[in-house]
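Undergrad: Start from the sequences and build out the full structure, keeping to the hints where you can.
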Amino acid sequence: MKRKRKAPALLALGISAALLLASCGKDGDRQDTEPGEIQPLGKQKIICYDVTVSAPYMEDLVSVFNAQSSTTEVEMRYLEDSDYEDEIARVLESGEKPDILWLRQPSKSNRMAEAGGLYDLSDMVTRSSLDISKYGQSLDIVQLDERIYSLPFIQNIWLLFYNKDIFDELQLEYPGQMTWEEYAQLAVKINGTDPDDVRWGGYLPIWVPNLGALELGEYLYDDELPATMDFLTFMDRLYNKDHSHPNPTEMEEIYAPGYDTFLDGKIGMMINGDWTIQILQNLEASRTENCRWDAAPLPLTNGAEAGTSIGSNSYLAVYSQSRYPENAFEFLEFCCGEEGASILAARYCFPSYFTESGRENYMQNVDFAQTGFFFDAILQNEEGKHVLYQDMRDIFDREATSYLKGEKSLDQAMKDYMQTRNALQK
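Note that the sequence shown ends on residue 408 in my numbering; no numbers are left out.
None of these hints come from the bench; they were simulated from the model. Hints may contain errors.
Said to hold, decoys possible - Mimicking DSS-like on lysine-lysine, the simulated pairs with C-alpha atoms at most 27 Å apart in a straight line are:
#1 146 to 25
#2 171 to 248
#3 408 to 387
#4 397 to 367
#5 397 to 223
#6 79 to 146
#7 387 to 248
#8 25 to 79
#9 248 to 223
#10 408 to 397
This structure is a prediction, so every number in the text was calculated from the model and none was measured.
TA: Structure below.
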């Protein structure tokens, strides 16, 4: 899902200032309980911050954990998804000392860890029951000097969603693994085939305009970006030459991002993340008419290994100013381990901690023809490890949008990106 990103450089300054203010506060600033609140006997209350859209599965996790822990009681506090980074910076600036923070991307973890904002979990991880090999590269990317500052929580994978009714109507085979070129040709076949209404061949969000390049392991900090330029040219073809996809301006008119339009039968194929599964199912429950749909692997860039897809992980971390890091880690170990994985999988979430029981739970709850691919995919991280990667991404997104809206040539957009990126790293 697209999430609004706010001036990362300013955000970093805000977090650093918040850490400084917090470190100057008195140890007694935080009360263990709120006035009038009954504290479970012998249990320490800790505070965990997350986004509002996480509430359904977080409440499940908290309910199970609180019932079985004899030492720790978790209280959740939620912030709006679109403003989370700004709001959590304000929370820290206020002097509040939360115990656990949800972090959207690896660059968020690396930036806060470098600024001294996260507790070093390394020793507690070593003593825990966690098998860190089950995290794969999602843990490697947030280790600084081989120290662990956050744990991978939920993994997202990019997929191709398709309208089965449209494919049946046009007598087209359902999509499987295919190349981006095959995807483009298929979108042209679908585009405009409804004589009574708008019908787009596909929907490709604009907020990861280097998606195809990531499949080859090319990141925005690389010296040369040939695959990135190729994929931008491909997006321009879909948006502005084939006109088989809504262009950036048209996407703004159906933004949400395109979920209702997809269920209305006006989009044949939609590139999006696996979070779309739960969003579509939630929308279906409130609608009277919906299309039949399924999901297939993300199309491949030429040269990418078969089975490759793009994904990202969210993370849970202990705030460096937490007064109860051991209690906080107890909850992290639960959420980011085997027990948490099973609960998340039952909630249509793809746990970062891979287990066979989690796989079985997920496949039982998400009944799609190619669900096994979700677990077997060769996953390339959506973000690189560089602590300034989010800044680079914001700069690149701005330049890519200028090109795709026809405001700049591709060469000029890339030149401007490289100049701004290089200045950022000095």
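Undergrad: If you draw a straight line from the CA of residue 408 to the CA of residue 397, is it 27 Å or shorter?
TA: It holds: about 17 Å lies between the C-alpha atoms, which stays within 27 Å.
Undergrad: Are the Cα atoms of residue 171 and residue 248 separated by 27 Å or less?
TA: Holds - the C-alpha atoms of residue 248 and residue 171 are around 14 Å apart, at most 27 Å.
Undergrad: Between residue 79 and residue 146, does the CA-CA distance stay at or below 27 Å?
TA: Given pair residue 79, residue 146 is violated - Cα atoms ~49 Å apart, limit 27 Å.
Undergrad: Hinted pair, alpha-carbon criterion (27 Å max): residue 387, residue 248. Please report holds or violated.
TA: holds (23 Å)
Undergrad: Can you confirm whether the C-alpha distance between residue 248 and residue 223 stays at or below 27 Å?
TA: holds (20 Å)
Undergrad: Residue 408 and residue 387: Cα distance at most 27 Å?
TA: Cα-Cα ~30 Å, so violated.
Undergrad: Given the hinted pair residue 25 and residue 79, is their alpha-carbon gap at most 27 Å?
TA: holds (18 Å)
Undergrad: With the threshold set at 27 Å, check whether the alpha-carbon distance from residue 397 to residue 367 stays at or below it.
TA: Holds - the C-alpha atoms of residue 367 and residue 397 are around 23 Å apart, at most 27 Å.
Undergrad: Within a Cα-Cα threshold of 27 Å, do residue 146 and residue 25 meet the stated pairing?
TA: violated (52 Å)
Undergrad: Can the restraint linking residue 397 and residue 223 be considered satisfied, given a maximum Cα separation of 27 Å?
TA: At roughly 23 Å apart (the allowed maximum being 27 Å), residue 223 and residue 397 satisfy the hint.
Consistency with the previously given hints fails for numbers 1, 3 and 6, ordered from lowest to highest.
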